[in-house]
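**Student:** Below, each chain spelled out in residue letters.
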Amino acid sequence: DVKVTQSSRYLVKRTGEKVFLECVQDMDHENMFWYRQDPGLGLRLIYFSYDVKMKEKGDIPEGYSVSREKKERFSLILESASTNQTSMYLCASSPSGREETQYFGPGTRLLVL
Amino acid sequence: GNSVTQMEGPVTLSEEAFLTINCTYTATGYPSLFWYVQYPGEGLQLLLKATKADDKGSNKGFEATYRKETTSFHLEKGSVQVSDSAVYFCALRPRGGADGLTFGKGTHLIIQP
Numbered sequence: 599d600v601k602v603t604q605s606s607r608y609l610v611k612r613t614g615e616k617v618f619l620e621c622v623q624d625m626d627h628e629n630m631f632w633y634r635q636d637p638g639l640g641l642r643l644i645y646f647s648y649d650v651k652m653k654e655k656g657d658i659p660e661g662y663s664v665s666r667e668k669k670e671r672f673s674l675i676l677e678s679a680s681t682n683q684t685s686m687y688l689c690a691s692s693p694s695g696r697e698e699t700q701y702f703g704p705g706t707r708l709l710v711l
Numbered sequence: 008g009n010s011v012t013q014m015e016g017p018v019t020l021s022e023e024a025f026l027t028i029n030c031t032y033t034a035t036g037y038p039s040l041f042w043y044v045q046y047p048g049e050g051l052q053l054l055l056k057a058t059k060a061d062d063k064g065s066n067k068g069f070e071a072t073y074r075k076e077t078t079s080f081h082l083e084k085g086s087v088q089v090s091d092s093a094v095y096f097c098a099l100r101p102r103g104g105a106d107g108l109t110f111g112k113g114t115h116l117i118i119q120p
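Sequences listed follow chains A and B, in order.
If you use the numbering used here, the first sequence closes out at 711, no skipped numbers anywhere.
If you use the numbering used here, the second sequence closes out at 120, no skipped numbers anywhere.
Worth double-checking, as some hints may not be accurate.
Stated by the list, open to error - Below, simulated DSSO-like cross-link-like pairs (lysine-lysine); rule was C-alpha separation at most 27 Å, straight line:
(1) 601/A / 112/B
(2) 601/A / 67/B
(3) 112/B / 655/A
(4) 668/A / 601/A
(5) 653/A / 112/B
Claimed, not checked - Each pair of labels, with its calculated beta carbon distance range:
(6) 639/A / 53/B: 16 to 22 Å
(7) 62/B / 639/A: 26 to 32 Å
(8) 33/B / 655/A: 18 to 24 Å
(9) 680/A / 22/B: 42 to 48 Å
Hints listed in this document are in silico derivations from the structure and should not be mistaken for laboratory results.
Every residue gets a Cβ at the ideal spot worked out from N, C-alpha and C, and that includes glycine.
One chain only, chain A, in its complex shape:
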């Protein structure tokens, strides 16, 4: 079974803190993605990566950055957390190709106070 794991299920941070969300997949997938999920808005793409050290902006990249130093690991970074970044963050991975399924991790619920 494909497994996508995220470092934390719940996280509480203060405004202005630097926050790292980690995602690891064990299926040698080329593509990895970060989404945020908010009530009434569905899921929105923040960043994605199709190869090591490669990254592309999604629909809402402002206030975020990413890092992909190894194929299996994709990190989302909030340089200076703000209250409007309180959300559920979902990581996903997939093989290359538009027909391929994206596999999601369990999510990290982040609260910024």
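Please build the complex by placing chain B on the supplied structure of chain A, with the hints as guidance.
**Tutor:** Same frame as chain A, now just chain B:
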């Protein structure tokens, strides 16, 4: 740009009722289409998919047919169960396989015994 529109709900049905959740999309070219399901407290998991016009995806009694002429991918099930209570997301993936999914806002389905 790409977009997905689905009924938001909540949709409340009695057990054994017939289910339809409408989904229409806007996209350039011929995207792949997906239905994902999110059970309470869990991440998203793929329910079914279709990658070209007139394809029918099916799983666990759910079905959806890729209709290019109406740009739709409606989800149906003949007889729902209480265990089907969840949030359902319609999504598309553009022709460029590395791109992320574009999601609808999700439909909360509640099945009453």
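**Student:** The structure should be examined with respect to each hint, and the outcome stated for every one.
**Tutor:** Checked hints:
The straight-line distance between the Cα atoms of residue 601/A and residue 112/B is roughly 25 Å, inside the 27 Å bound, and the hint therefore holds. At roughly 21 Å between alpha-carbon atoms, residue 601/A and residue 67/B fall within 27 Å of each other, so this suggested pair holds. A C-alpha spacing of about 21 Å is found between residue 112/B and residue 655/A, which places the hinted pair at or below 27 Å, so the restraint holds. Between residue 668/A and residue 601/A, the direct Cα distance comes to roughly 16 Å. Compliance with the 27 Å bound is thereby established for this hinted pair.
For the given pair, residue 653/A sits about 25 Å from residue 112/B by alpha-carbon distance, which is consistent with the 27 Å threshold. Between residue 639/A and residue 53/B the beta carbon distance is about 21 Å. The supplied range of 16 to 22 Å therefore holds. Range check, residue 62/B to residue 639/A: Cβ separation about 29 Å, and the 26 to 32 Å hint holds. Restraint check, residue 33/B to residue 655/A: a C-beta distance of roughly 21 Å satisfies the suggested window 18 to 24 Å.
The supplied range of 42 to 48 Å is met by residue 680/A and residue 22/B, whose beta-carbon atoms lie about 44 Å from each other.
Comparing the model with each numbered hint stated earlier shows that all of them hold.
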